[in-house]
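Chemist: For reference, the chains in residue letters:
Number of protein chains: 2
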Amino acid sequence: MYRLLLCLLLLTQLAHADDGYRLWLKYDLINDIPRRTAYARSAQFIAANKPSPVLQSAVTELQTGLQGLLGKAVPVVAQSGSRTGGIVLTVAPSGADVQGLNDEGYRIVRRQNNIVISAKTDAGALYGAFALLRHLQTGQPIDQVSLTSNPKVKLRMLNHWDNPNGAIERGYAGGTLWKWYELPETVDPRYRDYARANASLGINGTVVNNVNASPRLLTGEYLQKVAALANVFRPYGIKVYLSVYFAAPKTLGGLKTSDPLDPQVRQWWADKVNEIHRYIPDFGGFLVKANSEGEPGPQDYGRTHADGANMLAAAMKPYSGLVIWRAFVYKADPKADRFKAAHEEFTPLDGQFDPKVIVQVKNGPIDFQPREPFSPLFGNMPKTPLGIEFQITQEYLGFATHTVYEAPLFKECLEADTYVNGKGSTVAKVVDGSVHGYRNAGPTQTLMAGVANTGSDRNWTGNPLAQANWYAFGRLAWDHTLSSDAIANEWTRMTLTSEPQAVKRITNLLLKSRDIYVDYNTPLGLSRPWTGVHFAPEPWQNNSSRPDWTAVYYHRADSVGLGFDRTPTGSNALAQYRPEVRRQWENPETCPLPYLLWFHHVPWTKPLSSGRTLWNELCTRFYTGADSVQWMRREWAQVKSAVDPALFADVSGRLDTQYKEALWWRDAWVLYLQTFARQPIPAPFKKPDRTLTDVKKSVDIYLLR
Amino acid sequence: MYRLLLCLLLLTQLAHADDGYRLWLKYDLINDIPRRTAYARSAQFIAANKPSPVLQSAVTELQTGLQGLLGKAVPVVAQSGSRTGGIVLTVAPSGADVQGLNDEGYRIVRRQNNIVISAKTDAGALYGAFALLRHLQTGQPIDQVSLTSNPKVKLRMLNHWDNPNGAIERGYAGGTLWKWYELPETVDPRYRDYARANASLGINGTVVNNVNASPRLLTGEYLQKVAALANVFRPYGIKVYLSVYFAAPKTLGGLKTSDPLDPQVRQWWADKVNEIHRYIPDFGGFLVKANSEGEPGPQDYGRTHADGANMLAAAMKPYSGLVIWRAFVYKADPKADRFKAAHEEFTPLDGQFDPKVIVQVKNGPIDFQPREPFSPLFGNMPKTPLGIEFQITQEYLGFATHTVYEAPLFKECLEADTYVNGKGSTVAKVVDGSVHGYRNAGPTQTLMAGVANTGSDRNWTGNPLAQANWYAFGRLAWDHTLSSDAIANEWTRMTLTSEPQAVKRITNLLLKSRDIYVDYNTPLGLSRPWTGVHFAPEPWQNNSSRPDWTAVYYHRADSVGLGFDRTPTGSNALAQYRPEVRRQWENPETCPLPYLLWFHHVPWTKPLSSGRTLWNELCTRFYTGADSVQWMRREWAQVKSAVDPALFADVSGRLDTQYKEALWWRDAWVLYLQTFARQPIPAPFKKPDRTLTDVKKSVDIYLLR
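Chains A and B, in that order, give the protein sequences.
First residue of the first sequence: 1, per this note's numbering; consecutive thereafter.
First residue of the second sequence: 1, per this note's numbering; consecutive thereafter.
Source of the hints: derived by calculation from the structure; they are not laboratory data.
Since this is a predicted model, take the numbers as computed values, not measurements.
Heads up, simulated PhoX-like pairs for lysine-lysine below, C-alpha to C-alpha not over 20 Å straight-line:
id: 1; chain 1: A; residue 1: LYS256; chain 2: B; residue 2: LYS697
id: 2; chain 1: A; residue 1: LYS250; chain 2: B; residue 2: LYS697
id: 3; chain 1: B; residue 1: LYS696; chain 2: A; residue 2: LYS250
id: 4; chain 1: A; residue 1: LYS272; chain 2: B; residue 2: LYS697
id: 5; chain 1: A; residue 1: LYS697; chain 2: B; residue 2: LYS272
id: 6; chain 1: B; residue 1: LYS256; chain 2: A; residue 2: LYS697
id: 7; chain 1: B; residue 1: LYS250; chain 2: B; residue 2: LYS272
id: 8; chain 1: B; residue 1: LYS250; chain 2: A; residue 2: LYS696
Given the sequences, and given the hints that come with them, work out the whole structure.
Modeler: Written out as structure tokens, the structure is:
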């Protein structure tokens, strides 16, 4: 008995030392004994016939999960036969069980006192297994379980901006997960846990390298390494994709050109695609950043994006792989409006892309700002499947120190109405194909991609709460109709605590976090996509090799006012939207305040719908935003007893940093803008303790090597 | 009982999932019950009076360790009183117990049926506590325990080449351990485990940033972060040091110069040192790389290294901190011999350095090659304390993929005889002060530094076996008389297995690994300190901004032969050694084969003492070296049942990569050198399957971005 106690004591200690590695797949013992008993009664065995590797993953996950949740081993049987009280996995291409399911959907029902998970494919069954586990992890009743779910988008992908040297561009959670120098011989067990986490959300594709692509990845040497990853991911229904360097025929192949219409170039790519498939028979395809921010592309040879994409699609023709072509392009033209660039370059190409091509469009027209209106490309390329690209990693959202739950940002874009086919033509419905009917276009596909926030940090995402963003992206890629609230609630219960008050408090904190961030960082439609110091406020930055890489290009502060005039008196970018959208946003009186400075150069003294002048409203946002981080800290302090102590301390420290930096952003902006507005900080706010020079000095630290 | 079994089962599973995080401080339950019982009888309590923070660390570590090893909690009592059967920690500046101990030494004896750990300082007691735990971990008898140990060198330090952006220069185990953007508010629990691991070896100092130093670290912003680390390390007897950027007075202070004789510059440093001490009252001091590889330094203003170092020493005068000035300098002179540079620049300055200055010298004259003769500076600066700098991270020793146990490399240098005070004047005795009597020079110090191989990888060092190098460095810094064999054996038993045959096998594998590496990488005194692709063989590399950054500068292959003539007919670098050393090495007949090509340009056809010609001996080394990696794989396969399965697989994978790359190095060298030697590969070796062009192409992959 003494040993039992000791043993339990040790277990408790181990359980307490929660380092975040397990993510939302914790599977801790259910403490509610009646519930645990009820679950155990319904999970006396797991039945699956001759499991394929993917189905085996489902079985193994159920075993692992049930062992943890119920505290006992659940046996696996070949078939249920007449046995009841267990979990039965069935896969059949047709039949009543799978009616209404698409290829990856699942249905979970009670039948003959078993829980039956049905799907048309092994992958569907795998998603069903994870859904059942989620059901138990979140404490739902098991007796009348009845769940049917179909993914709304076919390709649900992570994009890793990971470089072969081990660094991650815009990564804030350590270095790359992929240990390139050790692959293929050494296969980190972590790769499997990565695949499990993704599969639990329904993510079925991963681009393992940066869109600013190294040609290394296309060499045989590296393809062997990529194949080793693909072998780990395959049993979890995840395909591997590669970002490609468009000039590879010259760099690797020794050709004189990489012109997409050159026969030798076309042959080189065809050969390369063949070679890739020798290593990775189910290769997912290519992701391409071309003629963007210095990357090579078809325009280097006077060809179009469609020429480039179609050339790669032709090489991919013998296989199932796809070509995902990014629409993130803009020219270094001081007179142009970067906002308009992608629309201008891509809409004329609509209809010219090979059916294997998907164009991947960032959610907003510029670059993953804390708040952007939706990209006007959505709805304006009816003949081209448009995938959407979100950024999960917090490049502009406070890195690993600021807590920003991103589901509201994703949802704001997905639910925005393009009006292309009348009211209700939301971005989500463009992306999932229901507006333009991509679904019927044969080999074409629907796509939602997220730039990953994972890294080598033990807890994967640096900030423990940033795991919620990976989670939310995956859940929304599966079903964009889920609410931000429901996802936050679900994640919190699976990951942090089941204590109801704490769940409520944390969910609420998460839901408010993005607006709080926007308020102290870029309120009222300000933006800050300039290069330079990503870690620090720099609204005064006006010196770069390109005008659109300065801060002043975006905010356009002057003695009159603030904001970028994109109405007909300015760049007229608003003309890229449908009239229903344009009319509302074009009028400063009806333009929603969150987008105001995206579209209007507004005088400092102009009264806004809030009743305050622009200057006073800006100050109010900056100050209340920063003050709200104090509120976040207080809320977090309230959940101390309900969450793991190490995790509590970790998040507390990050919220302290966030508060310090919220004041930094606030002071940088208000002191800088004050040099134009020439007005005092309005009561009840107190002017910053520091001067603009002080703030600049503190920012300059981050410019040092 | 069922629950007990389940519980034990789970514990066993958890214990099996060994991710290497715990290093050699595993404290797993001792399975040998008689031994465990005997230990438990002698460890019924831990007694320590009013523990200071450092003593508290000793107590906590004993508690943690004993809890794990014995499987039961051991109570802590204020004083032993008349109790017996426990562990008593006593600290007293004088008395019989501490006779013969230096400030950090310890003595462990049995007295009155207690185990008494005595020391003059709390740090000594902490080292004693770790020594006692090591004694138990390695299964030594407890009844007549009697251990006395004094560190031979005062400053035992790690140098971290970690940059503020999170990357580690020459790091192969992930990114930096220091989460700069999250500090000081978020303090990773890992920092404490880092301190524990170092303290367990007696390491008492750490330079947290790269010698190619960012001035950021000297700003108040970053000093707060460094102070947060210092607060964690202090209770483990570890002081924090900073690498400094010599031009900081200009860069940070806005001065017009960083001339060390300029009064404003001197004042700036004095103020900066004061500021640092406000954050870190027990600051360890500065490490400086100046006028080396493009770094700024005093020579930019016509001043000497002594002027620069003494200026910093003057700034440090009010405090206990030191100035550690690196001797790693060499000029871009095509006619010069880089070998001679440090000796030429530094010996004339002997006697000119402030007593607060230590000059830190790399073990060899060039740059951490797989094998180098000892640096001729050792013994030739009798008035200047010379610290020794080893490289633990495997920049030239195969990164995280090749298994190379470094203790034999460290020992080869430490035991080399300089003959400066006659026979027995080893490098170790120069460094520990016994040759030149630094010990009596008041504030001067003795120093051994190791460039760390730690990173953010879960197991700290990437290759699990590379933990042995961190361990070996620390143990030798404490006591350079320990044998490579004893250290390997001790580390293996604490870290991998206690199974005697496996211990023997792994120890043997480790001991042979460095010579095997040298054989396939740089045999007979070849070297490869060129920049370019550190990951790949490139002996043909002959194009760089500096001649001494090419490969051909070092090996000097031509139609006649191979090697760098450093005799009087060549650069005469040998004149920098004492006659006893020089005479042996100057004569190609008596020069040991391992150093032959360091000192002689040897004709391809010359018969060596082995009976083979140079060419045949080279081929024999390259081929048998690579073949020996096969032997390492077979040996490792034999220990499968004795080590953790995940760790076994991890090391197996790395050995596979090592074999692949050993063939790569072999083929690159022999095919390239063959173009000069114009001789066939001698029997029984078969010529490589690939051509030199093939090898070059495979190397070129690593030159791609």
